[in-house]
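Asker: Residue strings, one per chain:
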Amino acid sequence: MKTKKNPEPVDVVIVGAGAGGATAAKVLTEAGMRVVGLERGPWLKPEHASGDELKYLNRNFIWQDPKLKPRTYRPNDREEAVVTNFSATPQVVGGGTTHWGGMVPRMTENDFKLRSIHGDVEGASLVDWPITYDELEPYYTRVEWEFGTSGLGGANRWEGRRSRGYPTKPSPLSQIGRTFATAMDKLGHSTFPMPQGMVTEPYRGRQPFSENGFWQQYPDPGTGKSSTLISFIPDAINTGLYDLRSDCYVSEILVGPDGKATGVRYQDEDGDEWVQLANAVIVCGGGIETPRLLLMSKSALFPDGLANSSGQVGRNATFHQYSFSVGLFDRDLTDPLYGWSGHYMSGCSFDFYETDESRGHILGSLIFPSNLGHPVNWSFPGRPTWGSAAKDADRELFNHTMKIGILLHDLPVESNRVDLDPTVTDAWGLPVARITHTPHWNDFAQEKWQVAKNGEVLEAAGARKVIPVNMERITGNTSHELGTTRMGDDPATSVVDRWCRTHDVPNLYVFDASFFPTATGINPALTIMANAWRCADQIIRVDSRGWAQG
Amino acid sequence: MGQAEWVTDPISTRDVDGPIYFSDEDWRTIEAAAARIIPTDNHPGATEAHVVRFIDRMLAGTQFVFAAADGEGFLRMQGREERAWAERIEQRRDLYRSGLIQLCDVSVGRFGAHFVALSCDQQDAVLEELSGEPKPTKFSFDAPEDDGLGGAPAGNQPVNEDFLSFFPLLVLNSRQGFYSDPVYGGNENRIGWAVIGFDGPPTLASTMDGSYTTKKYMIVDAEWPYERHPEVLRYRRP
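Taken in order, these protein sequences are the chains called W and L.
With the first letter of the first sequence counted as 1, position 322 gets the number 322 in UniProt numbering; the numbers rise by one all the way through.
With the first letter of the second sequence counted as 1, position 20 gets the number 20 in UniProt numbering; the numbers rise by one all the way through.
Chain W with its partners taken away, still in its complex shape (with noise of 0.2 Å):
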């Protein structure tokens, strides 16, 4: 083995550097701190994007290749887990803000009280967020202007009060948004601009997106998509304070004697291990990885797993399965839709977001329009596979199909859980999540209320034909990993408080989604980042006192 010496010691050491790690790299080090941040995925850039379909969705360019990074799944526990990609989602630095839609709507007032909304829901593990809609509001407000974002401020009427509006305006219309919004004006329906992480004018030196349609599941080369990667890695850096470290992968979070996390060991691309000291430790490596570091950071003080006193590390997983209806329209009847030009989507609804229990559920998803993919990988369920008959449908029907999705709005349930497989290693050697998961009944009746509901909306639009297509089992197909280290006052019921740090460890946090209580019916990136902007904030006032010099 070679001699080598360990890094300097710094304030804090992040763990990701996705929407959660380089928003807190950006606020730590604009107030002067020394931040090192460690990624276990490469350093792409936007020269490195294209769009290259084959590349980017069916070859995981960017989505962890599940030969190296196996998960496994299991419904339940009486079953055996096999071996899925589940939730893929990219391990680069910028995360889930590189491929990403780029869908920014707040959580509403009433996401974050459903506890005292709803009360007991037998099955599942309903609470309150320890925040609210206006302790929140100056960050949402913060991260659109700083991140760069597009909307209509005041057109989502199911928002809280908003003290700005958005920096840019909204994206243009699709021929999909416009047939949206016409068939929900039809039914007596609203529909206002989706707020989206991309800026539509000239904004802070960046040009708008070209518009040449690979959006959803790309990268983009320009800068028109807003990404950690181009925005807050970039204004940290500019600091000279943070030391972005990539294809570092974190295998264990260390401690002191005194019970403090001291710093995290790691291994580089060449294999080679370091320990980077620190006096904080911030964990942000999304809503699977972060509570499988926890697990796997075992220790004579903490033989459970880090922060896992309550045992509810890695409990209450949400994952927002995205499910849908699908369109078919009749050329001879109807103009093409084009659902390959633009941005996948430009409006979306909130009109069943709030619960209206003569449904038969609670809780509600927004919903919004868009394409079914590009040549390659669109589809619907019942197309013909091969020979004429699939040629007939490729032809008749690209261009005339569109679909309107939700974000499952799903309960925490607390036996649905994330820990360590028994037997499933992955490339380095080291036990890969498994993921225990059974929806709630509320899901399934939620899902197929609202499937409905949007097969509905595209009859309509003039639909000649609507598929459903309904979830048999959650597969994490939106890359939102949620409540995993859920917050909360009670140290009992909660791994993080309302500042986001573990109730066992004083100096260590989490900052990706892992610290939802309840998952909301939205994309999660903006609220990870005003979270972690507010969180950070606190860091500096509060917790940074007295932390010995780095």
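Derived by calculation from the structure, the hints in this document are not laboratory data.
Virtual Cβ for every residue (Gly too), placed ideally from N, Cα, C.
Just so you know, not all the hints are guaranteed correct.
Claimed, not checked - Not the full set, but computed from the structure, chain L residues with beta-carbon under 10 Å of chain W:
id : residue
1  : Glu81
2  : Val108
3  : Ser131
4  : Gly132
5  : Thr137
6  : Asp142
7  : Ala143
8  : Phe198
9  : Val220
As the list claims (entries may be wrong) - Covered stretches of chain L, as calculated for chain W (at least 3 residues, CB under 8 Å):
id : region
10 : 35-49
11 : 65-78
12 : 160-174
Chain W is already provided as a structure; the job is to place chain L on it using the hints.
Answerer: Relative to the frame of chain W, chain L by itself:
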């Protein structure tokens, strides 16, 4: 060396005309099978798109897995990722190897000749037997309600090829060869896209420099109906 540092080899899937991986005979068999999966009619099919070349280059090794972003050359894979792909390609080679034997056996067993020598209907019958299901019939708007399960992938993520058997893999690879960017060896002159009316990018580079845009298919000047609503005006941009 991390993925971001991979260098680009100045190679093309079109450097040679014929097979790199397949034998001449296997090339002709796969070409004939692909021609039944995406037949030529009044529009081009798998043959004209050179789908067999796409499949051959896919099986040739890890040199053609990822095109460079601008489509000029291919990334030279390294390390764990390269080894994982080499293993994946070896698995696919095994599937094609045994699939070709099966194709031959069924052709000779049922019709007494090699697959390439059979009529189109006979070839379809062989493929139908391999698929284990009736040959797909024409899509109809009026067909009975689908239950939403089964059939094509349900979701916004593609099918994982690693778990497919030979026939569905051949079907998917044929589709990929017909519709993926021409840099991968198929979709010659973008004819796959023309068949379905996808006005795709002339080159991958054109998706990077902003020269390729889909704006003319959008409604860029449309205003949302409540652009002047008081609540919206309250938050108007400075």
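Asker: Are the hints correct? Go through all of them and say.
Answerer: Results for each hint:
1. About 6 Å separates the beta-carbon of Glu81 of chain L from the nearest beta-carbon of chain W, less than 10 Å, and the hint is met.
2. A least Cβ separation of about 22 Å between Val108 of chain L and chain W goes past the 10 Å threshold, and the interface hint is therefore violated.
3. A distance limit of 10 Å between C-beta atoms decides the matter here; for Ser131 of chain L the minimum to chain W is near 8 Å, and the interface restraint holds.
4. At about 13 Å, the closest approach between the beta carbon of Gly132 of chain L and any beta carbon in chain W exceeds 10 Å, and the interface hint on this residue is violated.
5. For Thr137 of chain L, the interface hint holds, since its Cβ comes within 10 Å of a Cβ in chain W; the closest pair sits about 6 Å apart.
6. The interface hint given for Asp142 of chain L is met, as the beta carbon of that residue sits about 8 Å from the closest beta carbon of chain W, less than 10 Å.
7. Checking Ala143 of chain L against chain W by beta carbon gives a least distance of about 7 Å; that is within 10 Å, so the hint holds.
8. Interface restraint check: Phe198 of chain L against chain W, minimum CB-CB distance 5 Å, threshold 10 Å, status holds.
9. The restraint placing Val220 of chain L at the interface with chain W holds, with a minimum CB-CB distance near 4 Å, inside the 10 Å limit.
10. Only residues whose beta carbon comes within less than 8 Å of a beta carbon in chain W count, and the region 35-49 of chain L has 7; three or more means the coverage holds.
11. Only residues whose beta carbon comes within less than 8 Å of a beta carbon in chain W count, and the region 65-78 of chain L has 6; three or more means the coverage holds.
12. Using a Cβ-Cβ cut-off of 8 Å, 6 residues of the region 160-174 of chain L lie near chain W, which meets the minimum of three, so the contact claim holds.
Of the numbered hints listed earlier, those contradicted by the structure are 2 and 4.
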